[in-house]
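Chemist: First to last, the protein sequences are chains A and B. By my numbering, the letter at position 49 of the first sequence is numbered 49, and the numbering carries on one by one without gaps. By my numbering, the letter at position 58 of the second sequence is numbered 58, and the numbering carries on one by one without gaps.
It is worth saying that the hints were derived from the structure and are not from the lab. Do not take every clue at face value.
[To be verified] Restraint-style ranges between C-beta atoms, simulated for each label pair:
| hint | chain 1 | residue 1 | chain 2 | residue 2 | range |
| --- | --- | --- | --- | --- | --- |
| 1 | B | D150 | A | P97 | 46 to 56 Å |
| 2 | A | G151 | B | T177 | 17 to 27 Å |
| 3 | A | P202 | B | P198 | 17 to 27 Å |
| 4 | A | G144 | B | C195 | 27 to 37 Å |
| 5 | B | R128 | A | S197 | 48 to 58 Å |
| 6 | A | T42 | B | T187 | 31 to 41 Å |
| 7 | A | A54 | B | R114 | 51 to 61 Å |
| 8 | A | T36 | B | G147 | 37 to 47 Å |
As the structure is a prediction and not an experimental result, all values here were calculated from the model. A virtual CB, placed ideally from N, CA and C, is assigned to each residue, including glycine.
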Amino acid sequence: MSDRPERGARERILAAAVDRIASDGIDDMRIARVATQAGVSTSLVHYHFETREALLAEALEYSYELTGDVRIGEGEGEAADRFEQLAGLIDQFLPYPGHLQKDWILYVELWLRAVRHPEMRPTGVRLYGRMREWVAEGIAAGIGDGSFKAGADPVRVADRLIALADGYGVRVLIGDLEIEQARREVWAGLTGELGLSEEPPPPLGEQRPPAAAATHP
Amino acid sequence: MSPRPRLDHVRRPELLQAAATVIRRRGLVNARVTDVAEVAGTSAPSVLYYFSSKAELLSEALTFAEERFYEQLAARIDGIESAVERLAVIVEWGAAGGDYDAALWMELWAQALRDEQLAETRAELDARWRRTIAEVVSYGQERGEFGPADPERFAVLMGSLLDGLSVQIALRDAEVTPSRVRDLAVTLAERELGCTLPATVETPA
Numbered sequence: 001m002s003d004r005p006e007r008g009a010r011e012r013i014l015a016a017a018v019d020r021i022a023s024d025g026i027d028d029m030r031i032a033r034v035a036t037q038a039g040v041s042t043s044l045v046h047y048h049f050e051t052r053e054a055l056l057a058e059a060l061e062y063s064y065e066l067t068g069d070v071r072i073g074e075g076e077g078e079a080a081d082r083f084e085q086l087a088g089l090i091d092q093f094l095p096y097p098g099h100l101q102k103d104w105i106l107y108v109e110l111w112l113r114a115v116r117h118p119e120m121r122p123t124g125v126r127l128y129g130r131m132r133e134w135v136a137e138g139i140a141a142g143i144g145d146g147s148f149k150a151g152a153d154p155v156r157v158a159d160r161l162i163a164l165a166d167g168y169g170v171r172v173l174i175g176d177l178e179i180e181q182a183r184r185e186v187w188a189g190l191t192g193e194l195g196l197s198e199e200p201p202p203p204l205g206e207q208r209p210p211a212a213a214a215t216h217p
Numbered sequence: 001m002s003p004r005p006r007l008d009h010v011r012r013p014e015l016l017q018a019a020a021t022v023i024r025r026r027g028l029v030n031a032r033v034t035d036v037a038e039v040a041g042t043s044a045p046s047v048l049y050y051f052s053s054k055a056e057l058l059s060e061a062l063t064f065a066e067e068r069f070y071e072q073l074a075a076r077i078d079g080i081e082s083a084v085e086r087l088a089v090i091v092e093w094g095a096a097g098g099d100y101d102a103a104l105w106m107e108l109w110a111q112a113l114r115d116e117q118l119a120e121t122r123a124e125l126d127a128r129w130r131r132t133i134a135e136v137v138s139y140g141q142e143r144g145e146f147g148p149a150d151p152e153r154f155a156v157l158m159g160s161l162l163d164g165l166s167v168q169i170a171l172r173d174a175e176v177t178p179s180r181v182r183d184l185a186v187t188l189a190e191r192e193l194g195c196t197l198p199a200t201v202e203t204p205a
């Protein structure tokens, strides 16, 4: 994350909190470390965020809004056809090294948080709602122009894609699987319903995903 | 571990259960030995008499909770002859039944990213879940109920789908009801294994 001078202290604190959560875990996030990283005093952190809980909640919300913005709409411009577009969608949901991987660690923290703290659930539900809508639109477009099999239910296929990507993604993150294998398996889980070829098209470009790092503040 | 008195067998399960309760409530990092002692109605030194460290207590508590799930599931499955019905029970428990310990499950996955001992515990428990699914697939193939599919690969596929869906169940997403989850899992199983699962199975108590 590049620090732009115009960013306010509040946003710097949130960005620093996101970083600390990703490295230390939500329960081990320390205000003092967040303050150091944001280049502010701990009293300024307390001025903007009355409690540690408030900072955690807002940091996660901040991160998820960004994650949604980054994922949704990325990587579609260069896709040659609906199949590459679909593969690109899958890639956005997997923990590729770099930003997506960090987002993923925060993801797992959000899941954890949502179980113990009901007030965090709406953040997660909103994020999943946006992702579902985005994926379903891509699927519907492919059915509409005849690329995918007619009769498939776009929302159901979207649900399956997201659930499979979450399940395989966490296994990649933890080291059970290689990301390429996860990519192929998520694709394979959709082939029957959408009438796809056995293997997904190769990833676009050398580094997937190309735009995520650039747009993340 | 040093030899412990026979009393062990009386107290350990209670302490493990108490520890699971504390982890659900406070999270793994914030779970304290004194909290476990309080829930179990004993003292912190007594807890530490049975477990050499907090890490050991927590790791065993997670394993203990998961093991009960597998024992109950195995007992349920063993009483069923048909493979499609066995698979339907697994889907049902994985989709809705598994939710009862979503808090512990997620603690384990999240902490396994940072803690080597818990990473091992997680790997063992996940392997057990996959083995449970794969065995039902092989069993169904022997009986001619399922078509050709790699049981191991199907187990990861089904396990991943159910894990992914359990996240959305845990968020209490109104869009993701248990029946929708079940439907998604059943559709995938039927397609991959070329079978038809029974419409309803008994839900776990």
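Chemist: Now tell me, hint by hint, if it's right for this structure.
Modeler: Here is what the structure says about each hint:
{"no.": "1", "hint": "B/D150 / A/P97: 46 to 56 Å", "in the structure": "violated (28 Å)"}
{"no.": "2", "hint": "A/G151 / B/T177: 17 to 27 Å", "in the structure": "holds (23 Å)"}
{"no.": "3", "hint": "A/P202 / B/P198: 17 to 27 Å", "in the structure": "violated (41 Å)"}
{"no.": "4", "hint": "A/G144 / B/C195: 27 to 37 Å", "in the structure": "holds (32 Å)"}
{"no.": "5", "hint": "B/R128 / A/S197: 48 to 58 Å", "in the structure": "violated (34 Å)"}
{"no.": "6", "hint": "A/T42 / B/T187: 31 to 41 Å", "in the structure": "violated (52 Å)"}
{"no.": "7", "hint": "A/A54 / B/R114: 51 to 61 Å", "in the structure": "violated (24 Å)"}
{"no.": "8", "hint": "A/T36 / B/G147: 37 to 47 Å", "in the structure": "violated (59 Å)"}
Hint violations for this structure: numbers 1, 3, 5, 6, 7, 8, all remaining hints satisfied.
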